[in-house]
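> Here is what each chain is made of, one letter per residue.
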Amino acid sequence: MSSVVLRTENVTQRFGGLCAVSNASIEVREGEIVGIIGPNGAGKSTLFNDITGLYTPTEGKIYFYDQDITGKKPYEITKLGLARTFQNIRLFPTMTVLENVMLGAHCRTKANLLDVVLHTRRNKKEEQDIRERALDILRITELYDFRYNYATSLPYGMQRRLEFARAIASNPKILMFDEPAAGMNEEETQDLNVFIKKLQDMGYTILLIEHDMKLVMNICERIYVLDHGALISHGTPEQIRSDPRVIEAYLGKEE
Amino acid sequence: MARKILQGWAKWEKYINAFLLLVAVVFPILFTRPYLINVGVMCLIYVLLSLSLNILTGYMGITGLGWAGFFGIGAYTAAILATRFQVNFLLTFLAAAVVSAIFGLIIGLPTLKLSGRYIAIVTMAFCEIMRTLEVNLDGLTRGSRGIPNIPKIGFGEFNFSRTVQYYLILAIVVLTMIVITRLMNSRVGRGILSVKDDDIAASAMGVNPFRYKVMTFAIAAMFAGLAGAFYAHYIGFIDPTSFTFDQSTIIISMTIIGGLGNVMGSVLGAVTLTVLPEILRPLMDVRQIVYGVLMVITMLVRPMGVLGGFNLRHIRQQMGIGKEEKARELSSTEN
Amino acid sequence: MFLQQVFNGLTIGMTYALVAVGFSMVYGVLELANFANGAFYILAPYILFLMFSSMSWGLLPAIILAIIVTGVVGALMDHFILATIRKNKAPVSSSMVATLGVSTVITNGLIAIFGSDTKPIPSNVGIDSIHISTAILTGTQVLIIIAAVIIMVVLSLIVYKTKLGSAMRSIAQNGTAARMMGVNVNSIITITFFIGSACAAIAGAMTSMYYGSVDTMLYFSVSVKTFASVILGGIGSVPGAMLGGMLIGMLETFITGYVTSAYRDTISFMIIIVLLIVRPTGLLGQKKITKV
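Residue numbers (my numbering), protein chains in the order written: chain F, 1 to 255; chain A, 256 to 590; chain S, 591 to 882.
One should not assume that every hint holds.
[As the list claims (entries may be wrong)] Taking CB as the label site, the calculated pair distances span: (1) Val739/S x Leu535/A: 24 to 32 Å; (2) Pro537/A x Pro93/F: 53 to 61 Å; (3) Asn776/S x Arg139/F: 32 to 40 Å; (4) Pro651/S x Ser399/A: 16 to 24 Å; (5) Asn764/S x Ser399/A: 45 to 53 Å; (6) Gly398/A x Pro651/S: 40 to 48 Å; (7) Ile867/S x Pro93/F: 29 to 37 Å; (8) Leu364/A x Asn764/S: 40 to 48 Å.
To be clear, the hints were calculated from the coordinates, so they are not data collected in a lab.
Ideal Cβ positions, reconstructed from N, Cα and C, are used throughout, including at glycine.
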């Protein structure tokens with residue numbers, strides 16, 4: 001069995017009296033595509049934010065390759081090899097598409113104040129390398145032609161793709177997508193499906209939160225179901241589909 | 256129309272900058288009256304101050320209100336060193352920059368962890384603390400009597416002429432502009448912009464927002480301190496009244512009205528707002544009112560300031576005439 | 591001596607609390623640090639001076655006029671300047687800079703019209719002094735304390751018990767949602783500015799009567815004390831602003847009385863900075879959860 005990239009151990013997150021996530025334990029193995037689903041307000045995003053360091057869980061531990069990352073800052077976690085996208089896209093509006101992706105590689109580059117001001121050879125070389133790499137990623141994500149446009153001037157679907165590109169630029173072990181299909185039409189979702197598969201073939205491990213059942217059922221190998229902050233089910237898409245608890249909590253209500 | 260002008264500016268930027276520099280260089284040769292050179296020097300001091308605040312407010316997005324505080328720290332550091340210990344100006348400049356940057360760290364480290372909304376208030380408070388200290392630490396600063404007879408810039412008995420001092424501050428300003436431009440077109444600059452745009456996303460992409468804020472704050476304070484040191488030596492006398500909240504308002508007016516996040520914006524803002532009251536003498540008495548009105552109008556019409564938010568490099572890239580594009584074409588023809 | 595200090599501190603604290611509440615209400619609805627608030631605070635005494643000395647109006651009508659005019663100026667600033675900036679979707683910092691611009695115009699305008707020297711303000715309010723053991727509570731002090739308490743009770747009732755208040759609080763929590771629920775956001779904000787500016791005017795008028803004079807230097811010191819009060823109490827919290835104002839006033843009076851007056855104004859600044867390090871949410875403030 002391949003090694004575990006990411007593991008949460010009884011993670012609980014309380015805000016005041018509200019318990020957003022309780023006792024959630026999940027694990028993601030190398031090369032997998034894992035989905036977390038659940039109705040609105042089930043605590044999916046909160047769990048995501050706990051893992052990526054935006055929140056510190058009230059209780060429980062989070063491990064990245066056996067390294068305890070509980071309570072670490074987001075930028076430290078990203079540096080270890082964990083990159084995310086956001087539910088409501090968060091790009092840098094005053095930077096171009098290319099610069100957004102180059103920023104993604106921030107934690108893989110070293111140029112400091114002195115290099116930059118003195119314009120050292122090391123800085124020039126690094127800047128050129130990172131630029132080439134960013135352009136490559138833009139080719140893969142089919143954003144190359146828009147590299148000098150401002151990030152937020154792109155149409156919605158492309159902005160989503162740019163967020164993926166930016167996350168990939170950080171050279172992560174695991175990619176975490178927060179509702180990647182939100183706001184996409186049927187065709188775009190289909191493209192996304194293909195794209196995520198492609199990322200898996202490139203060797204990335206993927207954890208995603210999703211509302212779109214079709215996407216999740218199609219591409220995820222394993223699925224966790226959250227409801228009211230607690231994990232109620234876990235298994236392959238087939239198992240989830242036939243689990244009465246899930247149908248009651250989620251599918252039953254929606255359809 | 257506006258777009259055309261912008262593209263033209265982007266395309267000819269190098270030549271326009273060279274021309275402006277030429278104008279600045281021949282200015283004291285063409286106009287030799289001490290009064291005019293003096294106005295020129297004051298313009299350049301304010302350009303330096305405005306540039307320094309632009310690093311913090313324009314690029315980093317943190318509204319720095321008490322900027323005269325750092326100006327004052329630089330001025331007092333230089334004045335005290337020069338009058339008590341007969342330190343040469345090169346060293347007083349260096350010391351002023353360093354001390355000011357250290358104060359930037361002292362203020363920045365505890366407060367920049369908080370959300371940006373407090374910083375304006377904290378910097379304002381800081382400026383006032385500094386002024387109170389300048390008034391009350393009599394033994395060090397001579398209180399409200401001020402420090403007179405600060406040695407002119409020069410070596411030993413030899414003092415630079417007014418014109419040479421003009422060229423000195425011009426050189427400092429040009430160097431500062433080069434440093435800012437290099438900084439902003441780099442990995443570090445991207446980090447700064449990302450934190451300004453969205454510090455949560457920046458953090459998730461591996462940028463430490465706090466570190467960047469503190470670093471930017473210290474760099475900005477350093478340049479303000481340098482401006483203070485030059486000012487102290489040039490005028491030869493300083494007292495706490497030069498570093499009040501009114502002075503801070505003047506500096507931030509220049510930065511914001513000229514244009515946030517654009518070095519030429521600071522030049523435009525500082526030169527216009529220094530020269531305007533000189534030309535329209537009756538304006539002198541009400542110049543603060545004029546600044547206030549201009550500030551409100553700017554916020555209504557162009558919140559980023561007249562030249563604010565324009566990135567000429569981006570415009571060149573979008574026009575397909577960027578430096579990188581040319582390099583690429585060149586390398587593809589070689590292959 | 592001690593009791594006298596308590597009385598004096600209480601009086602000053604009440605005026606700070608009043609300005610801070612007005613500031614805090616505006617901050618609540620817009621997250622905007624209104625730098626013009628201090629300018630409104632000194633605008634009122636100058637109107638008082640003009641009406642009382644030049645037009646020989648009675649004290650009460652002069653005060654009422656000063657409060658109304660200042661309140662209207664605040665509402666107009668919001669309606670013509672800040673509302674436009676909001677409509678342009680510019681960041682809050684733009685609004686803040688605009689209020690700084692307005693305050694620069696007002697304070698320097700006052701200097702241009704009245705000069706920068708100190709102007710006398712009548713301080714006889716027709717209430718007898720109260721003697722308690724060796725301490726004296728002057729008529730003006732009695733008036734300030736009573737008026738401030740009444741106004742703060744009324745404001746609390748408005749904020750927590752009326753429809754207007756619940757509209758304000760809903761905007762403070764979520765402007766977009768409030769708009770969708772049918773709250774006329776812009777007029778509520780303008781009304782809030784009127785109330786905030788009027789509070790500053792009342793405090794300014796009463797303080798000038800207490801000191802018997804007004805000058806434009808007051809602008810700066812009161813601005814920073816307002817900031818200190820709201821940060822101490824917890825920014826955006828109305829009861830916090832009251833508590834913060836009282837504490838700052840007391841502290842300042844005691845330090846002046848028992849230690850030194852040289853650093854009186856610096857104390858507030860020190861408090862701001864120390865507090866932000868130790869307890870950034872203030873005494874009664876609540877921490878906000880970052881939503882992603």
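> Now tell me, hint by hint, if it's right for this structure.
Results for each hint:
At roughly 50 Å, the beta carbons of Val739/S and Leu535/A sit outside the given window of 24 to 32 Å. A beta carbon spacing of about 43 Å between Pro537/A and Pro93/F contradicts the range 53 to 61 Å that was offered as a hint. The supplied range of 32 to 40 Å is broken by Asn776/S and Arg139/F, whose beta-carbon atoms lie about 48 Å from each other. Taking 16 to 24 Å as the suggested C-beta distance range, the pair Pro651/S and Ser399/A does not conform, at roughly 41 Å.
For Asn764/S and Ser399/A, the hinted distance range of 45 to 53 Å is satisfied, since their beta carbons lie about 50 Å from each other. Between Gly398/A and Pro651/S the C-beta distance comes to about 45 Å, which sits within the given range of 40 to 48 Å. As the Cβ distance of Ile867/S to Pro93/F is approximately 32 Å, the hint placing it in 29 to 37 Å holds. The given range of 40 to 48 Å is broken by Leu364/A and Asn764/S, whose C-beta atoms sit roughly 33 Å from each other.
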